[in-house]
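As you go down the protein sequences, you meet chains A and B in turn.
Residue numbers for the first sequence follow our numbering, beginning at 1221 and rising by one.
Residue numbers for the second sequence follow our numbering, beginning at 67 and rising by one.
Don't read these hints as lab results, they were simulated from the structure.
Note that CB positions come from ideal geometry on N, CA and C, so glycine has one too.
Treat the hints with care, since some could be wrong.
Stretch-level coverage of chain B by chain A, calculated; a stretch enters the list once three of its residues show a Cβ under 8 angstroms from a Cβ in chain A [claimed, not checked]:
id, region
1, 99-108
2, 160-169
3, 208-220
4, 259-267
Derived Cβ-Cβ restraints for the label pairs, each shown as a range [to be verified]:
id, chain 1, residue 1, chain 2, residue 2, range
5, A, 1287, B, 269, 51 to 61 angstroms
6, A, 1434, B, 117, 29 to 39 angstroms
7, B, 170, A, 1416, 21 to 31 angstroms
8, A, 1397, B, 194, 35 to 45 angstroms
9, B, 132, A, 1395, 45 to 55 angstroms
10, B, 103, A, 1395, 20 to 30 angstroms
11, A, 1259, B, 269, 36 to 46 angstroms
12, B, 212, A, 1519, 28 to 38 angstroms
One letter stands for each residue in the lines below.
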Amino acid sequence: MQPLERYASLLDDYDAFRAACERPLPSVVRVNTLKASIERARDALDAEGVAYEATDWHPGVLRLDERGPGTSWPYFHGWLHGQEEVSALPALALDPRPGEVVWDACAAPGSKTTQIADLMDDTGVLVGNDNNLGRLSALRHNAERLGITNLAVTNQDARNFSFKPFGDRTDEEERIEAFDRALVDAPCSCEGTIRKNPDALERWSMDHIKGIVGIQKGILKRAVQATRPGGTVVYSTCTFAPEENEAVLDHALEEADCEIVEWDAPEGFETDPGITEWNGEEYDSSVELAHRVYPHRNDTGGFFCAKLEVTA
Amino acid sequence: MTDSNEGDAPDAPDATDSAPPENDGQRFDRLPATADERDVPGRPSREEVVDWWEQRYGIAPETWDGHTFWEKGNGKLWAFADDVVSPIEVEGLGLRILRARQEHWKPSTNAVQRFATDATKNVVVLDAEEATRFAKGEDQELPRWDGDWGYVVAAHEIAGDNETSETPRATGEAGDVEPIGVGLYLHGELRSTVPKGRREDLS
Chain A
1221 MQPLERYASL LDDYDAFRAA CERPLPSVVR VNTLKASIER ARDALDAEGV
1271 AYEATDWHPG VLRLDERGPG TSWPYFHGWL HGQEEVSALP ALALDPRPGE
1321 VVWDACAAPG SKTTQIADLM DDTGVLVGND NNLGRLSALR HNAERLGITN
1371 LAVTNQDARN FSFKPFGDRT DEEERIEAFD RALVDAPCSC EGTIRKNPDA
1421 LERWSMDHIK GIVGIQKGIL KRAVQATRPG GTVVYSTCTF APEENEAVLD
1471 HALEEADCEI VEWDAPEGFE TDPGITEWNG EEYDSSVELA HRVYPHRNDT
1521 GGFFCAKLEV TA
Chain B
67 MTDSNEGDAP DAPDATDSAP PENDGQRFDR LPATADERDV PGRPSREEVV
117 DWWEQRYGIA PETWDGHTFW EKGNGKLWAF ADDVVSPIEV EGLGLRILRA
167 RQEHWKPSTN AVQRFATDAT KNVVVLDAEE ATRFAKGEDQ ELPRWDGDWG
217 YVVAAHEIAG DNETSETPRA TGEAGDVEPI GVGLYLHGEL RSTVPKGRRE
267 DLS
């Protein structure tokens, strides 16, 4: 079965969805305002004759007319970072503040991590974790190129993340024992990246999804535990599969002290609500507050994003 | 990813009761505030690091007010935007700014791009063609430079105002120049130290 056919029942304009999935994605960059203002970065692109168009919903997210942002001076200076447009959503939902302690549970290669650092004005403590040591070098490289100094990089299994390196249960004044906010941008079946990677669905199988769901649930549960009461957890994936999205949220609502909260997508960015029923399974009605992003709505990749508040 | 091809230092042997503590390449240790508080031989103090940036590049000491300084590996110094427990065993902590514990300290490309926008000394301003060669990693003759030998900030003019940078440069040219990276100036030649992973052909 063609995996995307599963979603025909969710979409009344399924043909437009399929047509969008066939088109390649534009090359998009985000301005790194730690090093240059949006205006300065855009002036520098203009001066080099690099053509771009700002997205409807964010003046610092720019679609380039030609592929490949790497070979321009503003990029060399770390004023720009290549980042798929839709992947700028979860950091906005997380809404981190300067001076906070924030966790990115699955951080490499770091486009969302570095956006979080920018939103924190490069202050406070941002813990960027990934279980893959090889991918951590890409995270460090990207963060350093963008001039970020508030990032501590760890290499742990996020499901069992330990604060021990940060002085947990000591009397050290600088110890860290909980996060103010956490992003779980979970490993997933990546259906929504089909426009970037035409091979994304070649290894698709229900067994693979069933295996990865356990990891997603484990990481989200740990993120809720590791975040202080009243704090924020954002869950995101780049897949359409309800098993990896609403079902994981539903599980967290039962197993962990959290609730899904309302978050409005940026003006000019169109999303669909989470679904409460799939293949005979019913989910908590609050999963409707989550955002499904279909490629044909905003001409982006596919995505899923939900904002949670920790209740105890 | 780090500048150049410096690997992590090998494990330091465990300190014993009789020997002074040694640098441990597997973890980050906060730098002592001053030389008087130093207990690991050879480790620079925060004061020495701040003074070095000011003396060599004219970077105001207040630039570093929000940052703590750390050593991991032999002489690799990092700047972190907050404070955490010391020592700390993590894979990265802030931005690697400097290679110390050698006769001539060497700043990193990423450090000068971030922190040397207001440098007033040892800034070599390159024209468009020179800047392109520098970013590509090429060495070039540059006999016009009459400042110090050693590690310099290579910079160029780029569009747009940098509101934080209005300082006249050591070259006598005022204006909005932006640091590209670190050059090694020796015998009339400017060597680019832009690490392989950061080089670009911008011609």
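To see whether the hints hold, each was checked on the structure:
A stretch counts as covered by a chain when three or more of its residues have a beta carbon under 8 angstroms from one of that chain; for the region 99-108 of chain B and chain A the count is 0, and the coverage is violated. Under the rule that three or more residues need a Cβ within less than 8 angstroms of chain A, the assignment of the region 160-169 of chain B holds, with 3 such residues. Restraint check on the region 208-220 of chain B versus chain A: 0 residues with Cβ-Cβ distances below 8 angstroms, three needed, restraint violated. Look at the region 259-267 of chain B against chain A: 4 of its residues bring a Cβ nearer than 8 angstroms to a Cβ of that chain, three or more, so the hint holds.
In this structure the supplied range 51 to 61 angstroms is violated for residue 1287 of chain A paired with residue 269 of chain B, their Cβ-Cβ distance being about 19 angstroms. Judged by the Cβ atoms, the range 29 to 39 angstroms given for residue 1434 of chain A and residue 117 of chain B is violated: they are separated by roughly 54 angstroms. Checked against the given bound of 21 to 31 angstroms, the beta carbons of residue 170 of chain B and residue 1416 of chain A, roughly 45 angstroms apart, lie outside it. For residue 1397 of chain A and residue 194 of chain B, the Cβ-Cβ distance of about 52 angstroms falls outside the hinted range of 35 to 45 angstroms, so the restraint is violated.
Separated by about 20 angstroms at the C-beta atoms, residue 132 of chain B and residue 1395 of chain A break the suggested range of 45 to 55 angstroms. Residue 103 of chain B and residue 1395 of chain A have their C-beta atoms about 21 angstroms apart, which keeps the hinted 20 to 30 angstroms range intact. Evaluation of the 36 to 46 angstroms hint for residue 1259 of chain A and residue 269 of chain B yields a failure: the beta carbon distance comes to about 26 angstroms. For the pair residue 212 of chain B and residue 1519 of chain A, the supplied restraint of 28 to 38 angstroms is violated, since their beta-carbon distance comes to about 55 angstroms.
Hints 1, 3, 5, 6, 7, 8, 9, 11, 12 from the list above are not met by this structure, while the remaining hints are.
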